[in-house]
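Novice: These are the residues of each chain, in order.
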Amino acid sequence: MHPALDVELISVTKRYGSTAAVENISLRIPRGTYCCLLGPSGCGKTSTLRMIAGHETISEGDIIINGVNVSDLPPVKRGTAMMFQSYALFPHLNCIDNVAFGLKMRGVGKAERRARAGELLSMVQMEKYAERLPAQLSGGQQQRVALARALITRPKVLLLDEPLSALDPFLRGAMREELKRLQRELGISFIHVTHSQEEALALADLVVVMDHGVIVQSGAPREVFDTPATAFIARFMGGHNVITNGHGAFAVRADRCRIAPPTANEGLPGSICSIEYLGAVVKVGIATEAGGQIVALLPDDQFFAAPLMMGAPARLVWAPQDAHPVAA
Amino acid sequence: MNRDRRGPSFYILAGLFAAFVLFLYGPIATIVILSFQGPRGGLTFPMNGFSFHWFHALFQAQMVGNFGDAITRSLILAVMVMAANVVISVAAGMAFRRRFTGSTVLFYLVIASLIVPSILVSLGIGLFFSQVGLDPAWYSSAFGAQLTWTMPFGLLIMFAVFNRFNKSWEEAARDLGASPWRSFREVVLPIILPGVIGIALFGFSLSYDEYPRTMMTAGDSNTLPLEIFAMTANVTTPVIYALGTLTTAFSAVVIMVAMTTMSIIRRRRLAKL
Numbered sequence: 000m001h002p003a004l005d006v007e008l009i010s011v012t013k014r015y016g017s018t019a020a021v022e023n024i025s026l027r028i029p030r031g032t033y034c035c036l037l038g039p040s041g042c043g044k045t046s047t048l049r050m051i052a053g054h055e056t057i058s059e060g061d062i063i064i065n066g067v068n069v070s071d072l073p074p075v076k077r078g079t080a081m082m083f084q085s086y087a088l089f090p091h092l093n094c095i096d097n098v099a100f101g102l103k104m105r106g107v108g109k110a111e112r113r114a115r116a117g118e119l120l121s122m123v124q125m126e127k128y129a130e131r132l133p134a135q136l137s138g139g140q141q142q143r144v145a146l147a148r149a150l151i152t153r154p155k156v157l158l159l160d161e162p163l164s165a166l167d168p169f170l171r172g173a174m175r176e177e178l179k180r181l182q183r184e185l186g187i188s189f190i191h192v193t194h195s196q197e198e199a200l201a202l203a204d205l206v207v208v209m210d211h212g213v214i215v216q217s218g219a220p221r222e223v224f225d226t227p228a229t230a231f232i233a234r235f236m237g238g239h240n241v242i243t244n245g246h247g248a249f250a251v252r253a254d255r256c257r258i259a260p261p262t263a264n265e266g267l268p269g270s271i272c273s274i275e276y277l278g279a280v281v282k283v284g285i286a287t288e289a290g291g292q293i294v295a296l297l298p299d300d301q302f303f304a305a306p307l308m309m310g311a312p313a314r315l316v317w318a319p320q321d322a323h324p325v326a327a
Numbered sequence: 000m001n002r003d004r005r006g007p008s009f010y011i012l013a014g015l016f017a018a019f020v021l022f023l024y025g026p027i028a029t030i031v032i033l034s035f036q037g038p039r040g041g042l043t044f045p046m047n048g049f050s051f052h053w054f055h056a057l058f059q060a061q062m063v064g065n066f067g068d069a070i071t072r073s074l075i076l077a078v079m080v081m082a083a084n085v086v087i088s089v090a091a092g093m094a095f096r097r098r099f100t101g102s103t104v105l106f107y108l109v110i111a112s113l114i115v116p117s118i119l120v121s122l123g124i125g126l127f128f129s130q131v132g133l134d135p136a137w138y139s140s141a142f143g144a145q146l147t148w149t150m151p152f153g154l155l156i157m158f159a160v161f162n163r164f165n166k167s168w169e170e171a172a173r174d175l176g177a178s179p180w181r182s183f184r185e186v187v188l189p190i191i192l193p194g195v196i197g198i199a200l201f202g203f204s205l206s207y208d209e210y211p212r213t214m215m216t217a218g219d220s221n222t223l224p225l226e227i228f229a230m231t232a233n234v235t236t237p238v239i240y241a242l243g244t245l246t247t248a249f250s251a252v253v254i255m256v257a258m259t260t261m262s263i264i265r266r267r268r269l270a271k272l
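Those sequence lines, one after another, are chains A and B. 0 is the number of the first residue of the first sequence in numbering that gives the first Met the number 0; add one for each residue after it. 0 is the number of the first residue of the second sequence in numbering that gives the first Met the number 0; add one for each residue after it.
Hints are not guaranteed to be accurate.
Said to hold, decoys possible - Pairs of lysine to any residue residues, derived as SDA-like cross-links and limited to a Cα-Cα distance of at most 25 angstroms, are as follows:
#1 A:K155 x B:E170
#2 A:K109 x B:W168
#3 A:K103 x B:K166
#4 A:K127 x B:R266
#5 B:K166 x A:H91
#6 B:K166 x A:L72
#7 A:K103 x B:T236
#8 B:K166 x A:Q135
#9 A:K109 x B:P7
#10 A:K155 x A:R131
#11 A:K282 x A:F231
Simulated from the structure, these hints should not be mistaken for lab results.
Assemble the whole structure, with the sequences as input and the hints as a guide.
Specialist: Structure follows, in structure tokens:
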């Protein structure tokens, strides 16, 4: 057992009947890591999180948390705490009693647990709402309370199931920063399930991309974004063109592509089929002669210095070092 | 010009509704009015004065029948049915959240007793008791017979309640260290409490006025509905109306107490603000 790891998954499999939701995955999460499990819906990321939490049994394999094999332990004995997707705040309890619930179950006296709960509510800037019921709070406020409730038992690992997906875009950005700040301050590991690659890139120290119940790539965000291992990952992470030629498939970032005149003797020929102004960049789509569509993201000044016309023939070009081979 | 003028459909539907209300409450109103019949009045209109004579007579010794004992039996039985109904329905509702072997069959078995004519259930249970050599009684065979009537309703209410119950509440409780019992006690029960009170009310009121299922199963001692029915054949004074008024008022009080309790609970939760 590895002392410098918060969580280790060893060949973990989850089967429902004969179908495997998670198949033989292994993962090591070092101490104090912000880890994002990323993938499309049905990829097994939530099942994995729930197995770590102990809300789902493990069909095969082991889960080690902080050096202890917790595979057969109930959630409370694992040193984890979970924040549920819908927050799952108890509707009949006010904020302070919701947050104090974990301590109440551990037999902590009323005065002490309310004082501790008050501290945690202050930590998430919700002390003013202590006496409110969950139904009287906005989504963002409910989430803060849920966060405080999960943290009151001083977990070694916090598990977050799609924590930001129910929030509007502005709030999502603010909460994202706050999650990262909390994780840094507490120094514990966060395991955060998301289907948003943007969220994963912004937050994670370790991005784990899953598909069809297996881990397809894990690594630092830049590593995953810059050198996607497969065509699926390149497409899922977005911002990439996946191009197949005689030697196989490779991925090249759309913002590293340029548009060259049709007379150039490099790159991929086609005609311009879409132009979208996105503010800082302009997204230019090119329909290739082979029938696919590829994209270049051009800085706005560069685009408007020499505007392109819809339907005009053009070539998409890139520097050879920007093309990364990917498995199909 | 008033553009929101009501069309003919409003008046047709309003008329229909008024007829419905009249049909529903007309008989009750008639009985309540007649129960205040003067001492010389009869079972029908016209009113021959106004008095509390028949209410007074109700508590005197009767020529036929004995209200006091029948009411006591009915109340005890209703409370027994209410308690058993709550415990069984809540437990079954919890169990039916998961599919288990035979769950569908079991569900239809429970619901089937709503479809089987009440009198047959009553007859069957009565026969069964005499077959095995037990005397039917209001607290044993009638208790069981009434449960076959109240339990399916209780179970269906629990289904509706758990339909809107978020399973992650329980998972969150377990995650925070609650034992299964404490998770039920501190999280599940408070959340489903309004539904549970509803089941209790259903159990109580369905039992309290149940006639057909009690008929063949009550044994020697009558419950209130049986007593009233027996009396309709023999009693020829408005004392029976006085009884009807009192029992109706009693049911209304029970329901109002329950509603008030629920609204107090709700208000107290909000008052914690």
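Novice: All hints are to be evaluated individually against the structure, with a verdict given for each.
Specialist: Cross-check of the supplied hints:
{"no.": "1", "hint": "A:K155 x B:E170", "verdict": "holds (19 angstroms)"}
{"no.": "2", "hint": "A:K109 x B:W168", "verdict": "holds (22 angstroms)"}
{"no.": "3", "hint": "A:K103 x B:K166", "verdict": "holds (21 angstroms)"}
{"no.": "4", "hint": "A:K127 x B:R266", "verdict": "holds (21 angstroms)"}
{"no.": "5", "hint": "B:K166 x A:H91", "verdict": "holds (15 angstroms)"}
{"no.": "6", "hint": "B:K166 x A:L72", "verdict": "holds (20 angstroms)"}
{"no.": "7", "hint": "A:K103 x B:T236", "verdict": "violated (63 angstroms)"}
{"no.": "8", "hint": "B:K166 x A:Q135", "verdict": "holds (21 angstroms)"}
{"no.": "9", "hint": "A:K109 x B:P7", "verdict": "violated (63 angstroms)"}
{"no.": "10", "hint": "A:K155 x A:R131", "verdict": "violated (29 angstroms)"}
{"no.": "11", "hint": "A:K282 x A:F231", "verdict": "holds (21 angstroms)"}
Of the numbered hints listed earlier, those contradicted by the structure are 7, 9 and 10.
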